[in-house]
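What follows is the residue order along each chain.
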Amino acid sequence: MRTTGLLLVAMLIGVSGFAQSAGAIVPSPGIDLSGNWAPAVHEDQPERGPGPELVDFLGLPITEGARQFALSWDASRLTLPEHQCRVHVVSYIYRGPLNLRIWEEKDPQSQRLIAIRQYISTYEQWRTIWMDDRPHPPENAPHTFMGFSTGKWEGDILTVYTTHIKQGWIRRNGLPQSDKAVLTEHYMRHGTYLTHVAAINDPVYLTEPLIKTQTFRLQVQAGQNWLYPCDPVVEVDRAADDVPNYLPGENPFLHEFADKYHIPLDAALGGAETMYPEYQTKLKNAAKK
Amino acid sequence: MRMTILNCGAIVVVGMLGAIPVVCARQNPGRVHQDLSVLPVQGNLYMISGAGGNIAVQVGSMGVAIVDTGNGTMSDEVMAAIRKLSDKPLQYIINTHYDPDHTGGNESIRKAGVTITGANVTGNISDARDGAQVIAHDNVLNRMSAPTGIQPPEPAGAWPTQTFLKGKKDLYFNDEAIETIYQPAAATDGDSLVFFRHSDVLVAGDVFLTTSYPLIDVEKGGTVQGTINALNRILEIAVPKHEEEGGTYIIPGHGRICDEFDVLEYRDMVVIVRDRVKAAVRKGMTLEQVKAAHLTRDYDARYDAKSALGSADKFIEAVYQSLSPQKK
Numbered sequence: 001m002r003t004t005g006l007l008l009v010a011m012l013i014g015v016s017g018f019a020q021s022a023g024a025i026v027p028s029p030g031i032d033l034s035g036n037w038a039p040a041v042h043e044d045q046p047e048r049g050p051g052p053e054l055v056d057f058l059g060l061p062i063t064e065g066a067r068q069f070a071l072s073w074d075a076s077r078l079t080l081p082e083h084q085c086r087v088h089v090v091s092y093i094y095r096g097p098l099n100l101r102i103w104e105e106k107d108p109q110s111q112r113l114i115a116i117r118q119y120i121s122t123y124e125q126w127r128t129i130w131m132d133d134r135p136h137p138p139e140n141a142p143h144t145f146m147g148f149s150t151g152k153w154e155g156d157i158l159t160v161y162t163t164h165i166k167q168g169w170i171r172r173n174g175l176p177q178s179d180k181a182v183l184t185e186h187y188m189r190h191g192t193y194l195t196h197v198a199a200i201n202d203p204v205y206l207t208e209p210l211i212k213t214q215t216f217r218l219q220v221q222a223g224q225n226w227l228y229p230c231d232p233v234v235e236v237d238r239a240a241d242d243v244p245n246y247l248p249g250e251n252p253f254l255h256e257f258a259d260k261y262h263i264p265l266d267a268a269l270g271g272a273e274t275m276y277p278e279y280q281t282k283l284k285n286a287a288k289k
Numbered sequence: 001m002r003m004t005i006l007n008c009g010a011i012v013v014v015g016m017l018g019a020i021p022v023v024c025a026r027q028n029p030g031r032v033h034q035d036l037s038v039l040p041v042q043g044n045l046y047m048i049s050g051a052g053g054n055i056a057v058q059v060g061s062m063g064v065a066i067v068d069t070g071n072g073t074m075s076d077e078v079m080a081a082i083r084k085l086s087d088k089p090l091q092y093i094i095n096t097h098y099d100p101d102h103t104g105g106n107e108s109i110r111k112a113g114v115t116i117t118g119a120n121v122t123g124n125i126s127d128a129r130d131g132a133q134v135i136a137h138d139n140v141l142n143r144m145s146a147p148t149g150i151q152p153p154e155p156a157g158a159w160p161t162q163t164f165l166k167g168k169k170d171l172y173f174n175d176e177a178i179e180t181i182y183q184p185a186a187a188t189d190g191d192s193l194v195f196f197r198h199s200d201v202l203v204a205g206d207v208f209l210t211t212s213y214p215l216i217d218v219e220k221g222g223t224v225q226g227t228i229n230a231l232n233r234i235l236e237i238a239v240p241k242h243e244e245e246g247g248t249y250i251i252p253g254h255g256r257i258c259d260e261f262d263v264l265e266y267r268d269m270v271v272i273v274r275d276r277v278k279a280a281v282r283k284g285m286t287l288e289q290v291k292a293a294h295l296t297r298d299y300d301a302r303y304d305a306k307s308a309l310g311s312a313d314k315f316i317e318a319v320y321q322s323l324s325p326q327k328k
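Heads up: the sequence lines are chains A and B, in that order.
With the working numbering, the residue at position 80 of the first sequence is 80, and numbering never jumps.
With the working numbering, the residue at position 177 of the second sequence is 177, and numbering never jumps.
Just so you know, these hints were derived from the structure itself, not from any lab.
Glycine included, each C-beta is placed from N, C-alpha and C at the ideal position.
Among the hints, a few may not be true.
As the list claims (entries may be wrong) - Covered stretches of chain A, as calculated for chain B (at least 3 residues, CB under 8 Å):
id : segment
1  : 32 to 44
2  : 91 to 97
3  : 167 to 181
4  : 202 to 216
5  : 245 to 252
6  : 274 to 285
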């Protein structure tokens with residue numbers, strides 16, 4: 001029995017050694033996400049197409065600072081040449097009208113997975129999710145709109161952690177996301193559907209994590225990914241130190257969204273409280289008084 | 001492909017596609033809380049941080065040029081880090097401005113360098129090779145020195161050896177043009193941007209930083225409008241590679257490596273705060289009233305250094321004094 005046991009151990013070691021040698025088949029630890037994916041824009045459509053209403057911060061866990069930033073934001077700022085070609089940050093782009101191409105990069109010798117790459121057609125953004133356990137860069141390294149991402153398989157779920165993201169927005173009506181934000185994502189494939197869950201933690205502008213989900217469908221047609229050339233021009237002749245903004249208390253659109261949908265201004269101005277069902281009770285009680 | 005230096009001092013080549021340059025965190029057993037980090041920026045440029053203000057290092061076949069020298073407490077470590085990048089002679093030090101956290105290492109680091117003048121000059125002047133040249137705007141020299149008979153704030157060995165009065169000072173070194181561009185009345189009265197044209201890297205000094213509000217020192221001739229002008233000058237020079245990203249890289253006075261978009265958001269912040277304070281001044285508000293109005297609430301969680309220059313209070317104070325000098 002003892003001899004048999006040792007033999008079994010020796011065989012297992014041998015198998016393990018063989019599996020690590022060149023030429024062995026190394027299966028991917030997760031599932032394959034490769035393909036061309038298109039978003040199913042079945043939720044929050046107004047925000048994903050024409051854009052969100054001004055001063056609609058409802059249901060977002062923003063800080064007072066974020067609120068003041070957004071109330072100061074004038075959409076004319078986007079006419080400044082340096083703002084014209086700004087793109088969505090990684091934590092926002094998946095809500096855009098994008099086509100998403102995903103493919104794997106493997107070590108040619110060992111066939112181990114090095115990275116999962118993405119091409120996001122809106123704004124021609126390229127993204128790399130490193131799967132080889134490399135560390136994130138030091139704090140003083142450059143930040144990019146896509147950030148620096150590392151991933152790991154948790155069963156059939158790809159979990160991705162991203163740092164070094166440039167300042168962007170959590171909603172494109174002026175609500176900011178700081179360059180201190182980090183993003184955690186989960187990719188779950190169900191046949192021809194892909195569920196994407198994104199949790200944003202921003203110590204500067206969010207009081208709680210902001211979690212969003214998106215659904216993508218696999219596309220069988222090729223050529224669904226487009227280009228996005230952007231060439232800024234002077235659209236409005238301004239002084240160099242003119243940055244469109246509203247002074248505190250002077251945003252002319254403060255009540256527009258709240259009045260249009262007959263909701264209290266306090267609710268429109270958002271905050272973590274407005275995310276939860278209990279807030280409806282609070283509003284009803286306030287209305288009774 | 002880029003090179004970077006790791007803890008062990010080994011040189012590693014890092015692929016660029018999708019990657020951000022990797023690291024070098026050098027341990028200093030005596031001052032573990034002040035580790036230096038060395039990051040490749042682009043072209044011939046590296047950034048050393050952790051010794052006060054950021055230090056830019058240009059290396060090439062002719063030698064080494066650096067921008068700023070840190071606070072002087074880690075000069076040996078800074079020189080050791082430079083020596084890992086190049087064994088060529090340190091020939092030029094350029095100061096972006098006067099502050100001691102950027103010029104504190106001038107004297108000691110300068111001594112480790114050498115001035116190589118052309119042709120017969122070196123042979124005829126015995127001390128011409130004594131230390132690297134130190135280039136700065138004339139106001140930097142004025143701030144560091146003093147008239148004969150008066151104790152200067154800094155020792156003579158730390159002073160600029162070559163100054164300019166206005167416009168820019170041109171230099172061609174290591175096969176690239178280096179422009180030292182004066183920015184009047186910005187954070188101080190002696191600020192310069194240093195632009196390495198071939199590497200496409202601009203060193204901003206303290207007119208731009210990612211760690212706090214602008215360090216506008218009104219007592220030393222700084223103004224908010226000059227700071228905005230300097231930030232706009234950076235935006236004029238910088239060219240992004242693709243969709244407002246990459247291209248020209250900017251080394252801030254403190255903090256991380258940036259590009260045009262990062263400067264843009266910072267410029268917008270300074271302009272917006274200036275506009276708010278200007279409106280408050282027009283209403284006749286006192287400095288204390290302006291401070292109490294929380295006009296920087298939207299940026300405090302990101303930029304308020306809490307104390308000294310760079311804090312929200314000091315920033316508001318500097319903007320207020322810049323806009324209404326009679327109300328100091």
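Results for each hint:
1. 32 to 44: violated (count 0)
2. 91 to 97: violated (count 0)
3. 167 to 181: holds (count 5)
4. 202 to 216: holds (count 3)
5. 245 to 252: The restraint on the segment 245 to 252 of chain A holds, since 3 of its residues have a Cβ under 8 Å from chain B and three suffice.
6. 274 to 285: violated (count 0)
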